[in-house]
Amino acid sequence: MALTAENVNSIAYLARLGIDEKDVEAYAKDLSGILDLVEQMGSVETEGVLPMAHPTDQPQRLREDEVTEHDQRDYFQKLAPQVEAGLYLVPKVIE
Amino acid sequence: MEWETVIGLEIHAQLATKSKIFSGASTAYGAPPNTQACAVDLGFPGVLPVLNKQAVRMAVIFGMAIEAEIAPYSVFARKNYFYPDLPKGYQISQFELPIVGNGHLDIQVNGVSKRIGVTRAHLEEDAGKSLHEDFHGLTGIDLNRAGTPLLEIVSEPDMRSAKEAVAYMKKLHELVRYLKICDGNMQEGSFRCDANVSVRPKGQQEFGTRAEIKNINSFKFVEKAINFEVERQIDILENGGQIVQETRLYDADKDETRSMRSKEEANDYRYFPDPDLLPVIVEESLKQEIKAELPELPEAKKQRFKDQYQQDEETASQLTATMEMADYYERVVKNANCEAKLCTSWVTGTLLGALNKAGLEISDSPIEAERLAGLLQRIADNTISGKIAKQVFEEMWQGNAGADEIIEAKGLKQITDTGAIEVIIDKIIADNPAQVEQYLSGKDKVFGFFVGQVMKATQGKANPGEVNKMLKDKLK
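Heads up: the sequence lines are chains A and B, in that order. Per our numbering, the first sequence starts with residue 12, numbered consecutively. Per our numbering, the second sequence starts with residue 9, numbered consecutively.
Derived from the structure by calculation, the hints contain no laboratory data. Fair warning: there could be bad hints in the mix.
[As the list claims (entries may be wrong)] Under the rule of at most 30 Å between Cα atoms (straight-line distance), these lysine-lysine pairs were calculated in the BS3-like manner:
| # | chain 1 | residue 1 | chain 2 | residue 2 |
| --- | --- | --- | --- | --- |
| 1 | A | 103 | B | 87 |
| 2 | B | 87 | A | 89 |
| 3 | A | 89 | B | 26 |
| 4 | A | 103 | B | 398 |
| 5 | B | 232 | B | 179 |
| 6 | B | 398 | B | 477 |
[Unchecked claim] Counterexamples of contact, computed for chain B against chain A with all Cβ distances above 12 Å:
| # | residue |
| --- | --- |
| 7 | 104 |
| 8 | 157 |
| 9 | 196 |
| 10 | 217 |
| 11 | 291 |
| 12 | 372 |
Since this is a predicted model, take the numbers as computed values, not measurements. Backbone N, C-alpha and C define an ideal beta-carbon position, used for all residues, glycine too.
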């Protein structure tokens, strides 16, 4: 499968990655190679096999509905670049 | 050309758990910003989500109530997009294998019943809140709501008018509160609705291109937003234009919808199974347990009220609109030990009238069901007349006294001593010879005058039935 330069740019946009225009060709080639490698699995007969998203054959464990976490806002907000009135401040997202 | 409207609704019901869907932080509403956002909700590296048992249980309760298929095996998926109120860069939701499958809900519009299909209902986490007020040109983020459990309930495109959409939304709202899985508080965003709206020429099979209207927070706005959107689409089509598939936002102040994102920027969510969460298994035993505990559902309760208490459709709907209302009514009936008809007329008439006037809900009623029942008992056993009862009701509304105390204290008991009433009647007949003459000459209307005089003389405490009988005898 051959990815186009357009595909590469749109994937980069979705992942919010800034890529250099001059590298786009190379990315297209490398990523296409990875897809080709994976595509080989298409030749395996999988009729009747359930997709497996997890390596272990176990159900999800459930927790009781209890409040166990308490306020640690000041501690967590020490990491944030900017806070005010208890809020995390981020660049404006809408006009 | 005649157009047909096609509507499907996506409703987000916040599940009434104490803690979040994947963490032990509280879900209580109104806490100071970010005081209920723990490391899991903040998406810190190295944390693992652990699923809340109660959220699963509530989803299953809902599924059983709409007679849906409950998936024995369901899977959480990541829905990827970037927004600052979603710290992980993805929302944990369900995609290919939701916990609740095909079900249905019946609605009534203009007395006609219609079945609306529910395609699916899945569990997911809510995002945080962005505050766009002025923080020096920045946006403030509160993540208290991040990770709150939601049940997204997706309907089939089965509704054909804004009225049907409102009826469906109300029915669902009533149901989730009956089931006690959602508090239904729309102001606080516990019950939100997105509407998919399209139009097509009447008779056409294929659907038209739809627009999705986001975040409509009241029943009134759902109706207005849909009606506006339908007009807009018909206008475009009749002028030779085409509908663009897009997301639109309803602006209540301007009563219009406007475009939020265009198709070019449409999100590509790249769903994939969340490796942090294993498949959710719902055992048959859990379904059986829930089935046994399911409360009487609104539709069944309404039917029972009609049969058991001889109510018409409208009255039964009113009295079963909420579980609290229905419980109140049934407590009155149980304690009053009189005809249900009397209870019905007092609860729907006098009580609901007074509550309405005071702007109160049934749960805030100053008169408890047992006290009201006490009053109705005294009407039923002829201790007081209906008219005096209204007076006692007023007194009960103001304080905590029971009907008997008030009747005793104010001397409101009906005069049962027929001798005393007889004396009064004799005097009135003697004092009003002209009226007696008229009555005897066939003017039946004058009879009301005598009844009025007797009631006046007894301050309303004579039993009207008794007075009528005695007067008839005396005036022969």
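These are the hints, each one checked on the structure:
Proximity of residue 103/A to residue 87/B is assessed by CA-CA distance (about 23 Å); at most 30 Å being required, the pair is judged to hold. A threshold of 30 Å between alpha carbons decides the hint, and for residue 87/B with residue 89/A the separation of about 29 Å falls inside it, so the pair holds. For a cut-off of 30 Å, the pair hint linking residue 89/A to residue 26/B stands: about 27 Å separates their Cα positions. Between the alpha carbons of residue 103/A and residue 398/B the distance comes to roughly 60 Å, so the proposed pair goes past 30 Å and is violated.
A C-alpha spacing of about 18 Å is found between residue 232/B and residue 179/B, which places the hinted pair at or below 30 Å, so the restraint holds. Only pairs whose Cα atoms come within 30 Å are accepted, and residue 398/B paired with residue 477/B is accepted, the gap being roughly 24 Å. For residue 104/B, the requirement that its beta carbon stay farther than 12 Å from each beta carbon of chain A is not met, with the minimum near 9 Å. Not every CB of chain A is more than 12 Å from the CB of residue 157/B (nearest about 9 Å), against its label as outside the interface.
At roughly 19 Å from the closest C-beta of chain A, the C-beta of residue 196/B stays outside 12 Å, upholding its exclusion from the interface. Against chain A, the non-interface label of residue 217/B holds: every CB pair exceeds 12 Å, the least being about 23 Å. Its closest Cβ contact with chain A, about 9 Å, brings residue 291/B to no more than 12 Å, contrary to its assignment away from the interface. Every beta carbon of chain A lies more than 12 Å from that of residue 372/B, the smallest distance being close to 28 Å; the non-interface claim holds.
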